[in-house]
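Please construct the entire structure, taking both the sequences and the accompanying hints into account.
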Amino acid sequence: MTHALLITADETLLDELVRLCAAAGTTPDVAADVGTALQGWSSAALVLLGADLAPDLARASPPRRDGVHVVAWGAAPDGVFRTALAVGAEGVALLPGSAEWLAAVLGDVGDVGRARGLTIGVMPGSGGAGATTFACGLAQLASRTGPTVVLDADPLGPGVDRVLGLEERPGARWGDLAGTAGRLSARSLREGIPRYADLGVLTWGSGDRRELDVPTVREVLSAARRGHDTVVVDLPRSADPVTEEIGHRCDQVLVVVAASVTGIASAARLVARFGDRSRLRLVVRGGGAEPEAVGRAVGVPLIAAMGDQRGLAESIDLGIGPMRSRRGPLGRAARTVLGLMPVAA
1 MTHALLITAD ETLLDELVRL CAAAGTTPDV AADVGTALQG WSSAALVLLG ADLAPDLARA
61 SPPRRDGVHV VAWGAAPDGV FRTALAVGAE GVALLPGSAE WLAAVLGDVG DVGRARGLTI
121 GVMPGSGGAG ATTFACGLAQ LASRTGPTVV LDADPLGPGV DRVLGLEERP GARWGDLAGT
181 AGRLSARSLR EGIPRYADLG VLTWGSGDRR ELDVPTVREV LSAARRGHDT VVVDLPRSAD
241 PVTEEIGHRC DQVLVVVAAS VTGIASAARL VARFGDRSRL RLVVRGGGAE PEAVGRAVGV
301 PLIAAMGDQR GLAESIDLGI GPMRSRRGPL GRAARTVLGL MPVAA
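Counting from 1, one number per residue, gives the positions in the sequence shown under UniProt numbering.
What the hints contain is simulated information worked out from the structure, not anything from laboratory work. Quick caveat, the model's predicted, so the values are computed rather than measured. Careful: at least some of the hints might be erroneous.
Stated by the list, open to error - Derived DEER-like restraints, expressed as beta-carbon distance ranges:
no., residue 1, residue 2, range
1, Arg-19, Pro-55, 20 to 28 angstroms
2, Ala-60, Ser-238, 51 to 59 angstroms
3, Tyr-196, Gly-97, 32 to 40 angstroms
4, Glu-314, Asp-208, 52 to 60 angstroms
Ideal placement from N, C-alpha and C gives every residue a C-beta, glycine not left out.
Put into structure tokens, the structure is as follows:
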């Protein structure tokens with residue numbers, strides 16, 4: 001399932017669809033009649049069904065499938081939305097007005113059918129808890145088994161690119177994506193951000209810490225999940241709309257807690273603001289208290305605990321990132337977390 005199927009006998013529409021496929025780097029199969037369309041219907045990654053053949057195809061009752069869009073040139077023909085429902089299409093796109101949106105859809109053809117990436121939020125229970133370091137270490141470990149991205153959603157944090165040694169890598173930052181309209185393709189995000197091997201990062205540029213907005217974050221998170229096996233989000237402690245939006249879309253949110261009296265008290269106050277705590281899990285750092293006791297005091301199930309790791313600051317300063325060894329306290333805790341993660345929603 002790595003190709004698009006174009007179903008239309010309208011030459012004007014077909015020419016535009018073929019042009020969009022070429023721009024997106026996608027080689028399409030073309031069906032100019034219903035019989036040919038049915039042969040490739042189930043195997044195509046994406047189906048673009050021309051409004052001219054949509055009624056005939058609907059009468060043939062093809063099996064329901066994802067990734068079907070009805071397309072038309074100019075104004076919407078009478079009954080096209082009813083026909084789109086009949087074939088199980090996700091929507092109707094009118095060209096040339098929807099060309100940019102359709103190009104983004106075609107850009108994701110190689111990712112159609114893959115499972116959406118597991119999304120893990122990491123939030124500090126108190127200042128200095130080490131949440132950003134844990135988020136970056138978790139992402140480094142996850143990237144050894146598949147494409148992974150760290151989204152930096154904490155404008156007051158150190159910057160995930162600096163923690164991972166990627167601050168000099170070229171690529172898009174939040175400022176380049178803020179306020180963009182339309183659909184962001186998974187491939188555009190994956191190939192456009194700073195990365196090393198299978199690990200990518202999205203953070204702010206130097207001197208640019210503008211506030212994120214919900215629509216941009218929602219679109220970026222959707223593209224990140226479509227194009228990566230694992231998405232790690234470095235979250236702030238603030239209770240703002242962006243943080244809440246991300247939290248709702250995470251499969252699990254890890255609260256990193258320092259095992260101290262002040263750390264536990266601060267984490268308990270943070271957790272109290274969550275109405276639904278079912279996806280919250282605790283990562284306890286340090287040896288000041290028993291991890292299980294910390295979990296009971298905070299009111300969130302414990303998922304992992306880690307002691308302090310020697311040489312951690314040096315590893316980050318050298319640009320290696322926090323995950324220098326899988327056998328250290330951070331590596332063991334990260335392995336435990338990834339091993340207990342739910343299947344992505």
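- In ascending order, which of the hints set out earlier in this document are inconsistent with the structure? Hint 4 is the one this structure does not satisfy, whereas the remaining hints hold.
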